[in-house]
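**Student:** Sequence:
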Amino acid sequence: MRAELLSLLKSLDKLSPDELPSLLGELEEVRVRVSLRMTAPVPAQSTPDKLLSIGEAASILGMSEDYVYHHKFPFTVLLGRTKRYSARGIEAYIRKKTA
2 MRAELLSLLK SLDKLSPDEL PSLLGELEEV RVRVSLRMTA PVPAQSTPDK
52 LLSIGEAASI LGMSEDYVYH HKFPFTVLLG RTKRYSARGI EAYIRKKTA
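The sequence shown begins at 2 in my numbering and counts up by one.
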């Protein structure tokens, strides 16, 4: 049994009868959360985000390289003095704009 549960079991004798209903409510909340966690779908293993060059980003966005370079987009990543563009960020940006 988990150490956290063992310490709870040991402290049960110290609780007054008035505190027991509250404890049962808290235990029920834990039980429900565990049940929900067990039935939740397992998140898919995500692939790492790819950082694109300005040419690749401009091509996907259908914009000129000059326009992409000179505008602040939420998917721009600065690596020192080099700008790269998050592929996932571009996908999210396109989804948001076309929704």
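None of these hints come from the bench; they were simulated from the model. Each hint should be verified, as a subset may be incorrect.
[What the hints assert, rightly or not] SDA-like cross-link-like pairs, simulated, lysine to any residue; straight-line CA separation at most 20 Å:
1. Lys84 - Leu53
2. Lys98 - Gly81
3. Lys11 - Arg34
4. Lys73 - Ser47
5. Lys97 - Met64
6. Lys15 - Val33
7. Lys73 - Thr48
8. Lys15 - Ser36
9. Lys97 - Met39
10. Lys51 - Thr40
11. Lys84 - Glu66
12. Lys51 - Val35
13. Lys73 - Glu57
14. Lys11 - Glu29
15. Lys97 - Gly81
16. Lys51 - Gly63
17. Lys51 - Leu21
18. Lys98 - Arg82
19. Lys51 - Ile95
20. Lys98 - Pro49
21. Lys97 - Ile61
22. Lys51 - Ala4
23. Lys84 - Thr99
24. Lys73 - Val43
25. Lys97 - Leu25
26. Lys98 - Thr83
27. Lys51 - Glu29
28. Lys51 - Lys15
29. Lys73 - Ala41
30. Lys15 - Glu5
31. Lys51 - Leu37
32. Lys84 - Ala100
33. Lys73 - Ser54
34. Lys51 - Ser87
[As the list claims (entries may be wrong)] Computed beta-carbon distance windows for the label pairs:
35. Lys84 - Lys11: 51 to 61 Å
36. Ala45 - Tyr70: 29 to 39 Å
37. Ser47 - Ala100: 50 to 60 Å
38. Asp67 - Thr99: 45 to 55 Å
39. Arg96 - Leu21: 31 to 41 Å
40. Ala41 - Glu66: 25 to 35 Å
Note that CB positions come from ideal geometry on N, CA and C, so glycine has one too.
**Student:** Each hint should be assessed against the structure and marked as holding or not.
**Tutor:** For each hint, the structure was consulted:
At most 20 Å may separate the alpha-carbon atoms for a hinted pair to count; Lys84 and Leu53 meet this at roughly 9 Å. A distance of roughly 29 Å separates the Cα atoms of Lys98 and Gly81; the hinted pair therefore is violated under the 20 Å criterion. Taken as a hint, the Lys11 and Arg34 pair is broken in the structure, with Cα atoms around 23 Å apart against an allowance of 20 Å. Pair hint Lys73 plus Ser47 does not hold up; C-alpha atoms about 26 Å apart against a cutoff of 20 Å.
A hinted pair counts as satisfied when its Cα atoms are at most 20 Å apart, and Lys97 with Met64 qualifies at roughly 17 Å. Between Lys15 and Val33 the CA atoms are separated by roughly 26 Å; this puts the pair beyond 20 Å, and the hint is violated. A distance of roughly 25 Å separates the Cα atoms of Lys73 and Thr48; the hinted pair therefore is violated under the 20 Å criterion. At most 20 Å may separate the alpha-carbon atoms for a hinted pair to count; Lys15 and Ser36 exceed this at roughly 29 Å.
Of the supplied pair hints, the one linking Lys97 and Met39 is violated, its CA atoms being roughly 32 Å apart against a limit of 20 Å. Annotation: proposed proximity of Lys51 to Thr40 is violated, straight-line Cα distance about 32 Å (limit 20 Å). Restraint check: the Cα-Cα separation between Lys84 and Glu66 comes to about 12 Å, which is no more than 20 Å; the hinted pair holds. Pair hint Lys51 plus Val35 does not hold up; C-alpha atoms about 35 Å apart against a cutoff of 20 Å.
With a C-alpha separation of about 17 Å, the suggested pair Lys73 and Glu57 falls inside the 20 Å cut-off, and the hint holds. A hinted pair counts as satisfied when its Cα atoms are at most 20 Å apart, and Lys11 with Glu29 qualifies at roughly 19 Å. Between the alpha carbons of Lys97 and Gly81 the distance comes to roughly 28 Å, so the proposed pair goes past 20 Å and is violated. The straight-line distance between the Cα atoms of Lys51 and Gly63 is roughly 18 Å, inside the 20 Å bound, and the hint therefore holds.
A hinted pair counts as satisfied when its Cα atoms are at most 20 Å apart, and Lys51 with Leu21 does not qualify at roughly 53 Å. For the proposed pair Lys98 and Arg82, the alpha carbon gap of about 28 Å is over 20 Å, so the pair is violated. Between the alpha carbons of Lys51 and Ile95 the distance comes to roughly 16 Å, so the proposed pair stays at or under 20 Å and holds. Straight-line distance between C-alpha atoms of Lys98 and Pro49 comes to about 23 Å, which puts the hinted pair past the 20 Å bound.
For the given pair, Lys97 sits about 15 Å from Ile61 by alpha-carbon distance, which is consistent with the 20 Å threshold. Simply put, Lys51 and Ala4 have alpha-carbon atoms about 42 Å apart, too far for the 20 Å limit, and the pair is violated. A C-alpha spacing of about 25 Å is found between Lys84 and Thr99, which places the hinted pair above 20 Å, so the restraint is violated. Only pairs whose Cα atoms come within 20 Å are accepted, and Lys73 paired with Val43 is rejected, the gap being roughly 35 Å.
Distance hint between Lys97 and Leu25 is unfulfilled; the C-alpha atoms sit about 45 Å from each other, more than 20 Å. For the suggested pair Lys98 and Thr83, the alpha carbons sit about 26 Å apart, so the restraint of at most 20 Å is broken. Distance check on the hinted pair: Lys51 and Glu29 sit about 43 Å apart at the alpha-carbon level, beyond 20 Å; violated. Between Lys51 and Lys15 the alpha-carbon distance is near 56 Å, which puts this suggested pair outside the 20 Å criterion.
The suggested pairing of Lys73 with Ala41 is violated, with an alpha-carbon distance near 37 Å, which exceeds 20 Å. Only pairs whose Cα atoms come within 20 Å are accepted, and Lys15 paired with Glu5 is accepted, the gap being roughly 16 Å. For the given pair, Lys51 sits about 33 Å from Leu37 by alpha-carbon distance, which is inconsistent with the 20 Å threshold. Simply put, Lys84 and Ala100 have alpha-carbon atoms about 27 Å apart, too far for the 20 Å limit, and the pair is violated.
Between Lys73 and Ser54 the alpha-carbon distance is near 15 Å, which keeps this suggested pair within the 20 Å criterion. The suggested pairing of Lys51 with Ser87 holds, with an alpha-carbon distance near 6 Å, which does not exceed 20 Å. Restraint check, Lys84 to Lys11: a C-beta distance of roughly 58 Å satisfies the suggested window 51 to 61 Å. At roughly 33 Å, the beta-carbon separation of Ala45 and Tyr70 lies within the given 29 to 39 Å, and the hint holds.
Checked against the hint of 50 to 60 Å, the C-beta distance between Ser47 and Ala100 comes to roughly 22 Å, which is inconsistent with it. Taking 45 to 55 Å as the suggested C-beta distance range, the pair Asp67 and Thr99 does not conform, at roughly 23 Å. Look at Arg96 against Leu21: about 51 Å separates their beta carbons, and that is not inside 31 to 41 Å. The supplied range of 25 to 35 Å is broken by Ala41 and Glu66, whose beta-carbon atoms lie about 43 Å from each other.
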